[in-house]
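Participant: Read off the chains here:
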Amino acid sequence: MRAVVFSVLLCWAAVAASATPEDRLSTVFQSIEANRLDEALQRVDALIREYPNFRLAHLVRGDLLLARARPLQTFGNVAKTVPGEKIDGLREEALARLRAQRQRPGDDRLPRYVLQLHAEQKHVLVVDSRRSRLYVFGNDKGTPRLVADYYVTLGKNGIEKTREGDQKTPVGVYHVTANLPRKKLTDFYGAGAFPINYPNEWDRRQGRGGYGIWLHGVPSDVYSRPPRASDGCIVLANPDLESVGRHVQVGLTPVIIADEIEWSDAATIAAERAALAGAFEQWRADWQSRDTERYLAHYSGRFASPGQDLAAWSAHKRKVNSAKRWIKVGVSRVAMFRYPRERDFVVVTFNQDYRSDGLSNVMRKRQYWVKEGAQWKIIYEGAG
Amino acid sequence: MLSLATCLGCILMALAVALPARADDVQDAAKLLKAGQHKQALELVNKALKAKPRDPQARFLKGLILTEQGNSKEAIEIFTKLTQDYPELPEPYNNLAVIYASQGQYDKARAALEQSIRTHPSYATAYENLGDVYAKLASQAYDKALQIDSSNAAAKNKLSLVRELVGRPAAAAVAVAPKEPAKRPVVVAEKPKPAPEKPAPAAADPSDEVLKAVNGWAQAWSKKDADGYLAYYAKDFKIPGGEARDSWEKTRRARVSAPKSISVSLASPKVTMNGADRATVTFQQNYKSDVLKSNSRKTLTLIRADGGWKILEEKSG
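Here the protein sequences line up with chains A and B, keeping their order.
Residues in the first sequence are numbered consecutively from 35, following our numbering.
Residues in the second sequence are numbered consecutively from 1239, following our numbering.
Just so you know, these hints were derived from the structure itself, not from any lab.
Do not rely on the hints blindly, as some may be mistaken.
Claimed, not checked - Have a look at the derived ranges for each label pair, beta carbon to beta carbon:
(1) B:1285 - A:73: 47 to 57 Å
(2) B:1325 - A:256: 38 to 48 Å
(3) A:67 - B:1284: 53 to 63 Å
(4) A:255 - B:1284: 49 to 59 Å
(5) A:197 - B:1349: 48 to 58 Å
(6) A:255 - B:1325: 36 to 46 Å
(7) B:1443 - A:71: 51 to 61 Å
Keep in mind the model is a prediction, meaning the values are calculated, not measured.
Every residue gets a Cβ at the ideal spot worked out from N, C-alpha and C, and that includes glycine.
Work the whole structure out from these sequences, hints included.
Facilitator: And the structure:
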């Protein structure tokens, strides 16, 4: 048993005293590594008493018991003929949980995507699909700090959702749009659900379809599900969903779903943020200056707004701006997130306070910025 | 699967006690048990216990008889009391474990076997049984891990097949036989002693013939020889569930020929003659095919017909 399975666990990190079921499962493996099999069995028995639906724990228990009767051939040494994917799902869950624990990011490591949180965004959720992991970062005066991380189940067919029914989880920058409590849902969704805004503006523009991507819990008869088992949703164990839910602000909390999180450091991220913030400020100043050509130079040739391409947008802006004697543009609550998988692609969301001698309005706005050559350009602009 | 401790002599030696006064009754009861005459054996052992109620050998034997009769509740009481009175004996713990295991109470079985090994670290039977119990517990844990769903159609079919074969789900099969199939009835190890003075209850010749027929039946089944297999059933075989003979034969044919391989072996058969032309055989049936493994107790009633012995009735459990 040890030779086959637990060689992968040799670098198992010391587990903190906080005893989540996953932490406790890890102590079971520690006992196995130390060849204290009786202790391992006691620990897994205690874990199962508390979490009787933790199927992975039952599988480990089965191995520990069977090892007393005969040598094990493999991890999850089930003798019966059962569908292979059932055992594989549990094996993959074991590996995902163990790897995520083992490869916890260091304190100085930050997800490259979070360039700027605004003051009211208390947390940001970042999903690493490869690791089947959701990381919760708190907003520590603008700098993300890792608060907790959880095992998650994603789409049966992986990531990069493109169409309805493809059973994939989208990759991109989203936010939570609602909070659906347990009592409004069937048991399938467990402790509750938090829908996100897939498909977002960029997805629609790329022709991506489907809908109803949620973060949600699990049915009452399981503790967790295999790493790839949902129809595209992000599924957490019910206690984990409840913990995450305590951090979620509807309409505010970003959910960034990446293939594999790119980790960076505070200095690099600060430099990237400064470059983009400079371009953004220049755009604001140029609009306010009523020099429409300078203002329009911030827009990419590929720009599109809902119902308008660059030519239509430019014509409209030239007409409106020339009629004004003064314009004042204020921005606040600016959030900036680099888009996973895309190259030099950033979503900026902000409150725009537009005043002029004719019209004034305040709105939440969203822009997608892309780097063309050395210049950051706006490729999409619309209500946020 | 699990082996009962059946050695009365061991108990005496372990306790270093003298032969009890009514040793004859106990030895005779042991022989009756071995011959499958449970009722008579029980009467005799009760008689012995009346004279000496605390006699460990008689109590142990009574526990064995009750186990064989399927009276688990009283058997458990007797073996439990023996573990309290003679905590140094591993056998009563072992037998308790066998009964618990037969009831599917594997955690209790495990505890009893671990106790048995604590009292006697070299007691091999308990180790073997413990291995089986761990394998059973592991299988239960895997079932929970994989949520093997009994409402699933495939699982249901499999279960009903097991029920047909053994008369109840395989998980609940009682298993009390020694591991090796024994040709002769072996239940209670005899003290080394010359041939019994009293004649054995079963006449030697007809019971050998009956055994031969039962072994032939098992061999035909193992060879997937459906015709040969069915030829062992009497014309007036009592078909379970009142099914018509035709459809019963069809089902049996399918069952015998469908698997790629079958192996049926019989362990500890006990033949009881009921007159010259009728016999009852009980045995442990170890059935193994490429799709199913089951271990069950079976009772066949055979009658003398067409110059041989034919099966009149077949009961599982």
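Participant: Any hints from earlier that this structure breaks? Give me their numbers in increasing order, please.
Facilitator: The structure breaks none of the hints.
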